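Novice: As given, the protein sequences belong to chains W and X, one line each in that order.
Take 1 as the starting number for the first sequence in the numbering used here and just add one per residue.
Take 1001 as the starting number for the second sequence in the numbering used here and just add one per residue.
By construction, these hints were calculated from the structure, which means they are not laboratory data.
The model shown is predicted, which means the values in this text are computed figures rather than measured ones.
Positions of the beta carbon are idealized from the N, C-alpha and C atoms, including for glycine.
Among the hints, a few may not be true.
Unchecked claim - Covered stretches of chain X, going by a simulated chain W footprint (3 or more residues, C-beta under 8 angstroms): (1) 1071-1081; (2) 1101-1109.
Claimed, not checked - Once the Cα atoms are required to be at most 27 angstroms apart in a straight line, the calculated BS3-like pairs of lysine-lysine come out as: (3) Lys1098/X with Lys22/W; (4) Lys1098/X with Lys38/W; (5) Lys53/W with Lys1058/X; (6) Lys1058/X with Lys1098/X; (7) Lys19/W with Lys38/W; (8) Lys1049/X with Lys1068/X.
Stated by the list, open to error - Some chain X residues judged to face chain W by a derived CB distance under 8 angstroms, without partners named: (9) Tyr1032; (10) Phe1034; (11) Glu1064; (12) Phe1090; (13) Lys1094; (14) Tyr1097; (15) Lys1098.
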Amino acid sequence: DTEVTQTPKHLVMGMTNKKSLKCEQHMGHRAMYWYKQKAKKPPELMFVYSYEKLSINESVPSRFSPECPNSSLLNLHLHALQPEDSALYLCASSQVGQGSPLHFGNGTRLTVT
Amino acid sequence: AQSVTQLGSHVSVSEGALVLLRCNYSSSVPPYLFWYVQYPNQGLQLLLKYTTGATLVKGINGFEAEFKKSETSFHLTKPSAHMSDAAEYFCAVKDDYKLSFGAGTTVTVRA
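Please work from the sequences and hints to get the whole structure.
Specialist: Rendered as C-alpha cells:
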C-alpha cells in the first residue's frame, strides 16, 4: 500500500473544463512534488514545494496551477488543457534533504478530450 | 547537471536467472542514486538508495546494487528472477530537490 494517496485515479476532461488533482501524505514530509509521465517514458518533474512554498517550477504552462494548502496536501489545478496533456500525473513526497528518497503515489490517469 | 544513463531499454531473462540492469551516472560531486520499480498502472516504488557509506546496497525483493566510483556505475542485480519481477525499472539521481530519471529498462521474465 502506498503512503501517498492521489485522487481521483482516473479523470477525463474536456479542453474547456476546470478540474483538480489531489494528493495527501501523512509521513511528516515537508517536500512535495508533481511529476508528469507519458507512456513508455520516465517521469518528468513539474513542481516542487518545500515547507509549503513553491521552490521549483520546471517552466510548466500556466494551465497547470499547483497549490499546497498545508504540509500534508498538494493540489494541481487544471484549466484549458490540451490533448497532449493526457498523461499519468504522479505526486511524491520526501523529507527535506539531498539524500532523501521520494515516495510516490499511484498517480492520476488524465485524459483530455 | 547530474544525470543517469540506463543501458538497454529492454531485458529478457528466464525465471531463476540473474537479473542485471545497468546504470551509469554523470556527476561532478558524490551522487545520491536510487533505483525505482514501476508495475503497470501504478506509481514508482523505491527499491534501494545509495547516499554515503557502504558501496553495496541491499534493497527490497532481493535486489541489490553496487556503487562503483571508478566506473561511474550503479548497476542493479538480483540473483534469481521471479515472474513478479516483470516491470519497468528506473535509475535516478537526486540533485538538491530534483530527482532525474534514466529512460527506463523494461524487464520481462520467461517461464
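Novice: For each hint, tell me whether it holds in the structure or not.
Specialist: Here is what the structure says about each hint:
With a threshold of 8 angstroms between beta carbons, the proposed coverage of the segment 1071-1081 of chain X by chain W is violated, since 0 of its residues qualify and at least three are required. Counting residues of the segment 1101-1109 of chain X whose beta-carbon sits less than 8 angstroms from any beta-carbon of chain W gives 4, enough to reach three: the coverage restraint holds. With a C-alpha separation of about 21 angstroms, the suggested pair Lys1098/X and Lys22/W falls inside the 27 angstroms cut-off, and the hint holds. Using a Cα cut-off of 27 angstroms, the hinted pair Lys1098/X and Lys38/W holds, with the two alpha carbons roughly 19 angstroms apart.
The straight-line distance between the Cα atoms of Lys53/W and Lys1058/X is roughly 34 angstroms, outside the 27 angstroms bound, and the hint therefore fails. For the suggested pair Lys1058/X and Lys1098/X, the alpha carbons sit about 24 angstroms apart, so the restraint of at most 27 angstroms is met. For the proposed pair Lys19/W and Lys38/W, the alpha carbon gap of about 19 angstroms is at most 27 angstroms, so the pair holds. For a cut-off of 27 angstroms, the pair hint linking Lys1049/X to Lys1068/X stands: about 14 angstroms separates their Cα positions.
Among the interface hints, the one on Tyr1032/X holds; its C-beta lies about 5 angstroms from the nearest C-beta in chain W, closer than the 8 angstroms criterion. Annotation: interface hint on Phe1034/X holds; nearest CB of chain W at approximately 6 angstroms, less than 8 angstroms. About 16 angstroms separates the beta-carbon of Glu1064/X from the nearest beta-carbon of chain W, more than 8 angstroms, and the hint is not met. At about 6 angstroms, the closest approach between the beta carbon of Phe1090/X and any beta carbon in chain W falls short of 8 angstroms, and the interface hint on this residue holds.
The beta carbon of Lys1094/X is positioned within 8 angstroms of a beta carbon in chain W (closest approach about 6 angstroms), and the interface hint is therefore held. For the restraint placing Tyr1097/X at the interface with chain W, the shortest Cβ-Cβ distance is roughly 5 angstroms, inside the 8 angstroms limit, so the hint holds. Evaluation of the Lys1098/X hint against chain W yields a held restraint, the C-beta minimum of about 6 angstroms falling below 8 angstroms.
Of the numbered hints stated above, those contradicted by the structure are hints 1, 5 and 11, listed in ascending order.
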